[in-house]
Amino acid sequence: MAGPVLEMRSIVKTFPGVKALSDVTLTVRQGEVHAICGENGAGKSTLMKVLSGVHPHGSYEGEILFEGEECRFKDIRASEQRGIVIIHQELALSPYLSLAENIFLGNEHAKGGFIDWRETLRHATELLRRVGLDDHPETRVADIGVGKQQLVEIAKALSKKVKLLILDEPTAALNDEDSGKLLDLILELKKQGITSIIISHKLNEIRRVADSVTIIRDGKSIETLDVKAPETTEDRIISGMVGRDLDHRFPERTPHEAEEGAAPALEIRDWTVLHPIDQQRRVVDHVSIHARRGEIVGIAGLMGAGRTELAMSVFGRSYGRYAGGTVLKDGAEIRTKSVADAVKHGIAYVTEDRKHYGLNLIDTINRNISLTALKKVAKRGVVDEHEERQVAERYRKTMNIKAPTVFEPVGKLSGGNQQKVVLSKWIFAGPDVLILDEPTRGIDVGAKYEIYTVIDKLAAEGKAVVFISSELPELLGMCDRIYTMAAGRLTGEFSRAEATQESLMRQMTKDKEVTR
Amino acid sequence: MSTEVTAKSPAPAPSGGTGSATGGGLLQLMLDGMRRNMRQYGMLIALGLIVAFFAILTDGDLLLPRNVSNLVLQNSYILILAIGMMLVIVAGHIDLSVGSLTAFVGAFAAVLTVQHDVSWPLAVVLCLLAGAAAGAAQGFFIAYLGIPSFIVTLAGMLVFRGVTEILLEGQTLGPFPDGLQKMGNGFLPEVGPTTNYHNITLLLGFTLIAFVVIQEIRDRSRQKEFSLDVVPRNIFLLKLIAISAALLAVTMLLASYKGAPIILLVLGALVVGYGYLMRNSVFGRHIYAIGGNLPAAKLSGVKDKKVTFLVFVNMGVLAALAGLAIAARLNAASPKAGLSYELEAIASAFIGGASMSGGVGTVLGAIIGGLVLGVLNNGMNLLSVGTDWQQVIKGLALLAAVGFDVWNKRKGGS
Numbered sequence: 003m004a005g006p007v008l009e010m011r012s013i014v015k016t017f018p019g020v021k022a023l024s025d026v027t028l029t030v031r032q033g034e035v036h037a038i039c040g041e042n043g044a045g046k047s048t049l050m051k052v053l054s055g056v057h058p059h060g061s062y063e064g065e066i067l068f069e070g071e072e073c074r075f076k077d078i079r080a081s082e083q084r085g086i087v088i089i090h091q092e093l094a095l096s097p098y099l100s101l102a103e104n105i106f107l108g109n110e111h112a113k114g115g116f117i118d119w120r121e122t123l124r125h126a127t128e129l130l131r132r133v134g135l136d137d138h139p140e141t142r143v144a145d146i147g148v149g150k151q152q153l154v155e156i157a158k159a160l161s162k163k164v165k166l167l168i169l170d171e172p173t174a175a176l177n178d179e180d181s182g183k184l185l186d187l188i189l190e191l192k193k194q195g196i197t198s199i200i201i202s203h204k205l206n207e208i209r210r211v212a213d214s215v216t217i218i219r220d221g222k223s224i225e226t227l228d229v230k231a232p233e234t235t236e237d238r239i240i241s242g243m244v245g246r247d248l249d250h251r252f253p254e255r256t257p258h259e260a261e262e263g264a265a266p267a268l269e270i271r272d273w274t275v276l277h278p279i280d281q282q283r284r285v286v287d288h289v290s291i292h293a294r295r296g297e298i299v300g301i302a303g304l305m306g307a308g309r310t311e312l313a314m315s316v317f318g319r320s321y322g323r324y325a326g327g328t329v330l331k332d333g334a335e336i337r338t339k340s341v342a343d344a345v346k347h348g349i350a351y352v353t354e355d356r357k358h359y360g361l362n363l364i365d366t367i368n369r370n371i372s373l374t375a376l377k378k379v380a381k382r383g384v385v386d387e388h389e390e391r392q393v394a395e396r397y398r399k400t401m402n403i404k405a406p407t408v409f410e411p412v413g414k415l416s417g418g419n420q421q422k423v424v425l426s427k428w429i430f431a432g433p434d435v436l437i438l439d440e441p442t443r444g445i446d447v448g449a450k451y452e453i454y455t456v457i458d459k460l461a462a463e464g465k466a467v468v469f470i471s472s473e474l475p476e477l478l479g480m481c482d483r484i485y486t487m488a489a490g491r492l493t494g495e496f497s498r499a500e501a502t503q504e505s506l507m508r509q510m511t512k513d514k515e516v517t518r
Numbered sequence: 356m357s358t359e360v361t362a363k364s365p366a367p368a369p370s371g372g373t374g375s376a377t378g379g380g381l382l383q384l385m386l387d388g389m390r391r392n393m394r395q396y397g398m399l400i401a402l403g404l405i406v407a408f409f410a411i412l413t414d415g416d417l418l419l420p421r422n423v424s425n426l427v428l429q430n431s432y433i434l435i436l437a438i439g440m441m442l443v444i445v446a447g448h449i450d451l452s453v454g455s456l457t458a459f460v461g462a463f464a465a466v467l468t469v470q471h472d473v474s475w476p477l478a479v480v481l482c483l484l485a486g487a488a489a490g491a492a493q494g495f496f497i498a499y500l501g502i503p504s505f506i507v508t509l510a511g512m513l514v515f516r517g518v519t520e521i522l523l524e525g526q527t528l529g530p531f532p533d534g535l536q537k538m539g540n541g542f543l544p545e546v547g548p549t550t551n552y553h554n555i556t557l558l559l560g561f562t563l564i565a566f567v568v569i570q571e572i573r574d575r576s577r578q579k580e581f582s583l584d585v586v587p588r589n590i591f592l593l594k595l596i597a598i599s600a601a602l603l604a605v606t607m608l609l610a611s612y613k614g615a616p617i618i619l620l621v622l623g624a625l626v627v628g629y630g631y632l633m634r635n636s637v638f639g640r641h642i643y644a645i646g647g648n649l650p651a652a653k654l655s656g657v658k659d660k661k662v663t664f665l666v667f668v669n670m671g672v673l674a675a676l677a678g679l680a681i682a683a684r685l686n687a688a689s690p691k692a693g694l695s696y697e698l699e700a701i702a703s704a705f706i707g708g709a710s711m712s713g714g715v716g717t718v719l720g721a722i723i724g725g726l727v728l729g730v731l732n733n734g735m736n737l738l739s740v741g742t743d744w745q746q747v748i749k750g751l752a753l754l755a756a757v758g759f760d761v762w763n764k765r766k767g768g769s
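Here the protein sequences come in this chain order: A and B. FYI, the numbering for the first sequence is 3 to 518, going by this note's numbering. FYI, the numbering for the second sequence is 356 to 769, going by this note's numbering.
Bound-form chain A, shown alone (with noise of 0.2 Å):
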């Protein structure tokens, strides 16, 4: 067997708060695929961005061994010319350049500051063939499909000579064909001796190109296993995953006792979302779910499962093409085509972006909370500010929002008081049924408690909360019940008797096998 081409050695990695990545250590061989797979927010990420210097040397602990040797690598320039090569989730491909320039952008083949076009194009159509692409390299990357793109991305990493390949979820973008592609462009590089990192919670992909398996929680390496070995069932990976012990601690709670024969608060029936540029994409196929009142149901999926856009197009058709499916509200079918007759209906959506999609930073907290429901502090068109100060000092005293005055810029607080006021605004919107996306990502534990007993209390005054997390024991500790989501489809239903941490994952993992 080869020796280790890669050493990560007691990786350190804190930013302002939270520390990322605490402890971990990964020893990649020499021409395997390696897999490294954990919750969204283990660090996966992180540790990849460590690697490729997009975290300079001195910004992290530990140390990097790359073919024997320690690097100090300060950008990302400095890691690719010793040949590792990061491809990102987001692609970072220039949409309105050829394919062969964006192949070469930063690496131009040039004679005395021009483009030589004869040596560009040859090289291009070489590489292009090398990855499996026959189009011509003078396309524009806009006019070819995101699986070709991704391809075009190696071609690029190719073209810089690279010795380790990186990459961070490459498939989460991909229908099943073009994902069966890659994968297999993965193993024809591996014959060519190019060793790969690959991100991925799909375990289905990790067992068909994988040799090895790290996997990482809550910013630790928990153990590499052997993926060709009989013992690394998807059930062992899988407990490596979760594998946690439940220290966090939730308020208690008396579980809801569904009422039968009143109808849902929410049902959404066979709701199908295509992707708003792939139309041959199904974000959301044909999901049915239900929410009655003072029940908190979760959804639980990883990234990629389409809980947000489920969420997000019915909310007011915000994100993505509808293609299907019907909301009803307490058992009448509603629209729901804009947010404002969602939020006529009495449907709030807490997004999980709240800088982007929450909240206006540069304005103030009373400002920000009172904009959903202006019209309950104002009369005839006219906002009375001493009442909206009012309202928002009673949400700030009962959500305890650290702030010292409610004419606080939002941006200037933190993101657990930041959730505070975006959950604030909602509340003031006085809505039936609450959607909250991921309400505590990026914060402390202290304000996890604190917005876990505000759900708590919506629930107790009979409010329907739709609760999507990543977090499973935050789920498997608030609610009554709990959905799973793979790859747009609804996979599963647990009561809260039924559910575990295992039980959800592995229908959270649960992809179409990958055809060929």
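Computed spacing ranges between beta-carbons, pair by pair:
hint, chain 1, residue 1, chain 2, residue 2, range
1, B, Ala510, A, Lys222, 51 to 61 Å
2, B, Arg765, A, Pro475, 37 to 47 Å
3, A, Ser24, B, Ile572, 53 to 63 Å
Result set (DSBU-like, lysine-lysine): computed pairs, CA atoms no more than 35 Å apart in a straight line:
hint, chain 1, residue 1, chain 2, residue 2
4, A, Lys381, B, Lys660
5, B, Lys579, A, Lys459
6, A, Lys414, B, Lys658
7, A, Lys378, B, Lys653
8, A, Lys381, B, Lys658
9, B, Lys764, A, Lys76
10, B, Lys658, A, Lys404
11, B, Lys594, A, Lys399
12, B, Lys653, A, Lys399
13, B, Lys661, A, Lys381
14, B, Lys660, A, Lys357
15, A, Lys450, B, Lys658
16, B, Lys579, A, Lys357
17, A, Lys193, A, Lys222
18, A, Lys346, B, Lys660
19, B, Lys579, A, Lys381
20, A, Lys414, B, Lys653
21, A, Lys331, B, Lys660
22, B, Lys653, A, Lys339
23, A, Lys346, B, Lys658
24, A, Lys381, B, Lys594
25, B, Lys613, B, Lys594
Not everything, but these chain A residues come out facing chain B in the computed CB check (under 10 Å):
hint, residue
26, Val341
27, Thr374
28, Trp428
Calculated directly from the structure, the hints in this document are not laboratory data. Think of the CB as a built atom: it goes at the ideal place given N, C-alpha and C, for glycine as much as any other residue.
With chain A held as given, fit chain B onto it using these hints.
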């Protein structure tokens, strides 16, 4: 040191201590308030300094009643445009067409009243409607078709200028009926006993001061009623006195010449009305929301397209009003009227604290910004600085104001 004092006289020391503590608290509060509105306070102070600077250089000519009156008349249309422009910029857009639009409306008014003998009140209404229609057309392309405002209004700038020249056949057209002329040049009529001052203006000024003071006091008592923290009493009094003194000074200056220009009253009403609209109306809030974070506003149920559309309709109406004022003041419609006024209006908004990326800015800020430019203009004219150097200095003033703001934010942010 302090222990020594306490030892000598135990009684006064604690009271002195609390005194300085509240003093510190007050100072803190004032500083906080100032930091939050740094750009506006900064500009207000800058405006004061510029006025003082030119007053000294011109041996007080700048503050002669006649000159103050002129200053208002000369800058009124830029200020009107700046109000509308502020709304546009807060919404995250820009309008390059307003200069051409003012010329077009002036020409339209001339064609109506001079060539077709339409009565002037009807002409004013028709002109405002024409402005609204022009704004609506541009707003439609921007809001509903999603064409960038820079491009739509750049097109509008060319189109309206061209249409103006077509309407006027390249000639200057005038004079306007008396009623319309008054709008740009006129003063309030004089009644009552002969004093050294203009009676109606004095009366108006005093009423205004009384109104503001009462309003402030009512506001404060309402805040108390809602058991909210209020500004400490002495600061509040200080604020009242400062506002009253400023208003009184302007009133006296105007009253000792021909009185208040009519256009000033129009402008005053606009400032109060739009200030209120932006601060207190649902519509105003929605403008800030879409400019501050469009996706978040959409997900909050704000009808972003409608709001954007209305902002441009409004800009069209205000441009028409400014166009009428210009034409009335010159007593003729000229194909070159309002040339580069859009840039002055935009500069006023940015000097007054608007942000290029939208979501920030106040009507009062735009007015202050416009006045800074106006006083610079007027002061340099009095000193007979050539227009060449005037442009250089105004350009640098814009750069300095925005540069200071960026620097201040970076310092505060880190």
